[in-house]
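Asks: Chains E and C, in that order, are what the protein sequence lines are. Heads up, the first sequence is in numbering that gives the first Met the number 0, so the first residue is 0 and it goes up one at a time. Heads up, the second sequence is in numbering that gives the first Met the number 0, so the first residue is 0 and it goes up one at a time.
In short, the hints are calculated from the structure, not lab data. Treat each hint with caution, since some may be false.
Claimed, not checked - In the DSSO-like style, the derived pairs of lysine-lysine whose C-alpha atoms are separated by at most 27 Å in a straight line are:
no., chain 1, residue 1, chain 2, residue 2
1, E, Lys-4, E, Lys-64
2, E, Lys-64, E, Lys-23
3, C, Lys-69, C, Lys-105
4, C, Lys-105, E, Lys-11
5, C, Lys-69, E, Lys-64
6, E, Lys-23, E, Lys-11
7, C, Lys-1, C, Lys-34
8, C, Lys-69, E, Lys-56
9, C, Lys-105, E, Lys-23
10, C, Lys-69, C, Lys-1
11, C, Lys-105, C, Lys-136
12, E, Lys-11, E, Lys-64
13, E, Lys-23, E, Lys-56
14, C, Lys-69, C, Lys-34
15, C, Lys-136, E, Lys-64
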Amino acid sequence: MFQAKIYVTLRKSVLDPQGSVVRKSLYALGYHNVQEVRIGRYMVVDLEVADRAEAEKQVRDMCDKLLVNPVIEDYTFELVEV
Amino acid sequence: MKFGVVVFPGSNCDADCLHAIQTVTGQPVEYIWHKSGSVDGFDCIVLPGGFSYGDYLRCGAVARFSPVMKPVIEFARRGGMVMGICNGFQILTEAGLLPGALHRNKNLQFLCHDTYLRVENNTTPFTCRASEGQVIKIPIAHGEGNYYADPETLRQLEENKQVIFRYCDPHGEVTPEANPNGSLNNIAGICNEQGNVLGMMPHPERCAEAVLGNTDGQLIFQSLLDFWQRRCG
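Work the whole structure out from these sequences, hints included.
Replies: Structural data, given as structure tokens:
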């Protein structure tokens, strides 16, 4: 079995209003070195598949079809055997 | 002319849409359950506002895979008139029937108030009753209505006159102050290249009767009927 940890963030070109509010908050707390904050979504998907290549293919497919909107979002994922 | 209003789990403007269509056009209108496998017999399909599937994952992302969306997409590709209001607009972008995406309002707030819209193109089935540049007052009610498209898509939308409504001030001036949610180019509504699919964030069904204090929303439903009668009459 494999576990996919999927990270979805807004694309660089898309304004992230949550991220900019949090950046300002961090600044107010004294973290003046924070340049940028991007807020995204974290998903954990468990798959009952035999090999890594198949798991990777399926996760990519899921992201492209449903989990991610390519117009505004980017994603990366890690696969671990569990 | 027969209208259909799709009901997804979590739709909450379906009854308003049905009522407004009935009252304004006097035409037959029926609900279409999201599990329906056909939209045969309908001449115009409305995807209403609300929070389909609780807005889980992304607004409209799950509704887009409802069984009814397959025949709706085919209907739209054949040139059938499809209108998505608010959550319906989000569903249409997720389904790929309209370009771009709608994400969190710039100020992160849920916005529920009147907006002024300038009709940018009055040659569509949805706006043929309007004069070009006409200003109408229609309320918005959304947390994720911030329209985004990449620069190339945006350029094409403008060039093909696919921007149908733009947020403006009461005099029709398109200003940054009149933009409630951060939408690029003050976009409030767009259509597809063929002009038969419209998505708009504001709610015309909420202002289509004198008793509600505003009848500007009638324009859109009347336009649909006019267009239909001209084409079929």
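Asks: Now tell me, hint by hint, if it's right for this structure.
Replies: Evaluated hints:
For the proposed pair Lys-4/E and Lys-64/E, the alpha carbon gap of about 17 Å is at most 27 Å, so the pair holds. Between the alpha carbons of Lys-64/E and Lys-23/E the distance comes to roughly 34 Å, so the proposed pair goes past 27 Å and is violated. Restraint check for Lys-69/C and Lys-105/C: not satisfied, since their Cα atoms lie roughly 32 Å apart, outside the 27 Å limit. The straight-line distance between the Cα atoms of Lys-105/C and Lys-11/E is roughly 16 Å, inside the 27 Å bound, and the hint therefore holds.
For the suggested pair Lys-69/C and Lys-64/E, the alpha carbons sit about 15 Å apart, so the restraint of at most 27 Å is met. About 18 Å separates the Cα atoms of Lys-23/E and Lys-11/E, which keeps this hinted pair within 27 Å; it holds. With a CA separation close to 20 Å, the supplied pair Lys-1/C and Lys-34/C stays within the 27 Å bound. A distance of roughly 25 Å separates the Cα atoms of Lys-69/C and Lys-56/E; the hinted pair therefore holds under the 27 Å criterion.
A threshold of 27 Å between alpha carbons decides the hint, and for Lys-105/C with Lys-23/E the separation of about 15 Å falls inside it, so the pair holds. Proximity of Lys-69/C to Lys-1/C is assessed by CA-CA distance (about 19 Å); at most 27 Å being required, the pair is judged to hold. Pair hint Lys-105/C plus Lys-136/C holds up; C-alpha atoms about 21 Å apart against a cutoff of 27 Å. For a cut-off of 27 Å, the pair hint linking Lys-11/E to Lys-64/E stands: about 21 Å separates their Cα positions.
Of the pairs offered as hints, the one joining Lys-23/E and Lys-56/E is violated, with about 39 Å between alpha carbons and a cut-off of 27 Å exceeded. Our distance criterion of 27 Å between C-alpha atoms is met by Lys-69/C and Lys-34/C, whose separation comes to about 10 Å. For a cut-off of 27 Å, the pair hint linking Lys-136/C to Lys-64/E is broken: about 37 Å separates their Cα positions.
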